[in-house]
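Engineer: From first to last, the protein sequence lines are chains G, U, R, P, Z and L. So the first sequence is numbered by this note's numbering: it starts at 48 and just counts up by one. So the second sequence is numbered by this note's numbering: it starts at 48 and just counts up by one. So the third sequence is numbered by this note's numbering: it starts at 48 and just counts up by one. So the fourth sequence is numbered by this note's numbering: it starts at 48 and just counts up by one. So the fifth sequence is numbered by this note's numbering: it starts at 48 and just counts up by one. So the sixth sequence is numbered by this note's numbering: it starts at 48 and just counts up by one.
Bear in mind the hints are in silico, worked out from the structure with no lab data behind them. Quick caveat, the model's predicted, so the values are computed rather than measured. Misleading hints may appear alongside valid ones.
The list cannot tell twin chains apart, which means a pair is met if one copy fits it or any two copies do.
Straight-line alpha carbon distances no greater than 16 Å define the calculated EDC-like cross-link-like pairs of lysine to aspartate or glutamate that follow [what the hints assert, rightly or not]:
#	residue 1	residue 2
1	Lys125	Glu81
2	Lys77	Glu92
3	Lys89	Glu58
4	Lys89	Glu100
Protein chains: 6
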Amino acid sequence: MPIVTIQVTREGTAPDRQSVTAEEKAALIKGASELLLNVLNKPLEATFVVIEEVDTENWGLGGLPVLEYRRQLAAKMK
Amino acid sequence: MPIVTIQVTREGTAPDRQSVTAEEKAALIKGASELLLNVLNKPLEATFVVIEEVDTENWGLGGLPVLEYRRQLAAKMK
Amino acid sequence: MPIVTIQVTREGTAPDRQSVTAEEKAALIKGASELLLNVLNKPLEATFVVIEEVDTENWGLGGLPVLEYRRQLAAKMK
Amino acid sequence: MPIVTIQVTREGTAPDRQSVTAEEKAALIKGASELLLNVLNKPLEATFVVIEEVDTENWGLGGLPVLEYRRQLAAKMK
Amino acid sequence: MPIVTIQVTREGTAPDRQSVTAEEKAALIKGASELLLNVLNKPLEATFVVIEEVDTENWGLGGLPVLEYRRQLAAKMK
Amino acid sequence: MPIVTIQVTREGTAPDRQSVTAEEKAALIKGASELLLNVLNKPLEATFVVIEEVDTENWGLGGLPVLEYRRQLAAKMK
Numbered sequence: 048m049p050i051v052t053i054q055v056t057r058e059g060t061a062p063d064r065q066s067v068t069a070e071e072k073a074a075l076i077k078g079a080s081e082l083l084l085n086v087l088n089k090p091l092e093a094t095f096v097v098i099e100e101v102d103t104e105n106w107g108l109g110g111l112p113v114l115e116y117r118r119q120l121a122a123k124m125k
Numbered sequence: 048m049p050i051v052t053i054q055v056t057r058e059g060t061a062p063d064r065q066s067v068t069a070e071e072k073a074a075l076i077k078g079a080s081e082l083l084l085n086v087l088n089k090p091l092e093a094t095f096v097v098i099e100e101v102d103t104e105n106w107g108l109g110g111l112p113v114l115e116y117r118r119q120l121a122a123k124m125k
Numbered sequence: 048m049p050i051v052t053i054q055v056t057r058e059g060t061a062p063d064r065q066s067v068t069a070e071e072k073a074a075l076i077k078g079a080s081e082l083l084l085n086v087l088n089k090p091l092e093a094t095f096v097v098i099e100e101v102d103t104e105n106w107g108l109g110g111l112p113v114l115e116y117r118r119q120l121a122a123k124m125k
Numbered sequence: 048m049p050i051v052t053i054q055v056t057r058e059g060t061a062p063d064r065q066s067v068t069a070e071e072k073a074a075l076i077k078g079a080s081e082l083l084l085n086v087l088n089k090p091l092e093a094t095f096v097v098i099e100e101v102d103t104e105n106w107g108l109g110g111l112p113v114l115e116y117r118r119q120l121a122a123k124m125k
Numbered sequence: 048m049p050i051v052t053i054q055v056t057r058e059g060t061a062p063d064r065q066s067v068t069a070e071e072k073a074a075l076i077k078g079a080s081e082l083l084l085n086v087l088n089k090p091l092e093a094t095f096v097v098i099e100e101v102d103t104e105n106w107g108l109g110g111l112p113v114l115e116y117r118r119q120l121a122a123k124m125k
Numbered sequence: 048m049p050i051v052t053i054q055v056t057r058e059g060t061a062p063d064r065q066s067v068t069a070e071e072k073a074a075l076i077k078g079a080s081e082l083l084l085n086v087l088n089k090p091l092e093a094t095f096v097v098i099e100e101v102d103t104e105n106w107g108l109g110g111l112p113v114l115e116y117r118r119q120l121a122a123k124m125k
């Protein structure tokens with residue numbers, strides 16, 4: 048009876064996308080459920096998966112909102 | 048000082064509703080707070096309740112997004 | 048398919064107990080599941096309940112660990 | 048590698064605001080990350096901060112949705 | 048910068064084990080991180096995985112603690 | 048009425064300690080509560096803080112349990 052919670056920033060994986068697609072979400076659900084089946088022998092039916100998309104201004108890293116963190120990291124890399 | 052977190056899919060309990068209503072949310076908050084009072088003797092004032100509504104495409108069960116899971120289950124039942 | 052998470056301090060409801068008892072946990076699980084059935088018509092089978100017991104030194108309120116908070120509150124009440 | 052999750056009601060801190068501002072969120076992220084650095088010596092880079100804004104009708108206290116709780120409390124205080 | 052939280056009951060996958068083994072935990076961490084890499088192109092370094100083991104008396108299903116639920120289900124199946 | 052959840056690995060900040068000390072936890076509780084007061088004007092009384100200590104074998108990063116991740120990182124740095 049596992050519960051897998053996946054928290055990601057609300058962003059697309061391609062320039063023309065604003066968020067995770069329904070297909071990508073289905074792949075996460077399938078993959079997480081199969082992982083619990085393969086590693087701990089939990090039947091697929093027993094696993095709940097919850098995906099939480101978090102707005103980028105609500106996600107922090109390195110003491111900064113994530114988009115600002117990436118900007119500063121990119122600037123340092125130049 | 049309990050915290051009760053209730054995660055449900057964002058769906059209505061009747062065909063013409065898209066989500067949990069404010070009345071239903073108030074009933075969940077009241078019921079969860081009274082449960083902690085009755086079982087563990089926690090005063091109503093001490094309990095926080097947080098309701099999280101999760102889009103159906105973000106909720107997985109049986110390795111599938113929940114609406115697809117229900118479709119396949121319904122098909123099997125025929 | 049709701050998930051109900053109940054976080055409480057790891058304390059007994061009587062002087063001779065150090066923690067929530069198995070009977071009290073069973074009552075929380077039963078009550079939370081019935082609440083979702085009554086309010087949102089979710090079948091008992093569909094609801095997961097997870098109880099998290101938190102050590103009192105890991106729980107804060109009013110800027111203080113909870114036992115210290117209660118001590119100061121009790122002193123003020125005298 | 049700490050994770051700090053901050054749950055607040057979706058409300059503004061001034062009458063003309065409907066929610067937490069981006070500046071306030073950045074201050075929460077900075078403050079939480081510095082707290083972990085100062086107290087536990089965790090490098091800023093190691094800390095994730097996630098802010099969750101919860102609609103007021105989804106937040107309960109004293110057995111009531113929070114706005115109703117405040118209304119009743121204000122009435123008692125008169 | 049995803050966070051994956053995996054909640055499972057504290058049980059072994061073989062009769063002589065009382066809990067998830069370190070090897071199984073490492074496999075869950077590896078699998079969850081690779082899933083985020085494969086589906087959303089998130090670098091392994093960016094993903095945090097947290098495994099929470101929950102005592103069986105703290106996990107409820109069908110309105111019952113999970114071991115009692117399984118007992119009743121097994122009895123029905125006879 | 049904010050809730051701040053702080054998840055850290057169960058480790059000491061000095062070689063002779065196995066976990067976060069009670070003093071460090073009190074400092075986290077105080078700091079987190081003051082942060083919400085300073086940034087969002089939330090009264091200290093309104094903020095709950097919950098600290099979750101996670102065993103190092105239950106925390107993953109870079110696709111590895113955290114201690115193994117640090118070992119490989121240290122080896123690369125030589």
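Engineer: Compare the structure with each hint and give your call.
Structural biologist: Hints, verified against the model:
1. Lys125 - Glu81: Neither. Shortest intra-copy (41 Å) and inter-copy (27 Å) distances fail the 16 Å Cα cut-off.
2. Lys77 - Glu92: Answer is within: at 11 Å inside a copy they meet the 16 Å cutoff, but 22 Å across does not.
3. Lys89 - Glu58: between (31 Å within a copy, 11 Å between copies)
4. Lys89 - Glu100: between (26 Å within a copy, 14 Å between copies)
Violated hint: 1 only; the structure is consistent with all others.
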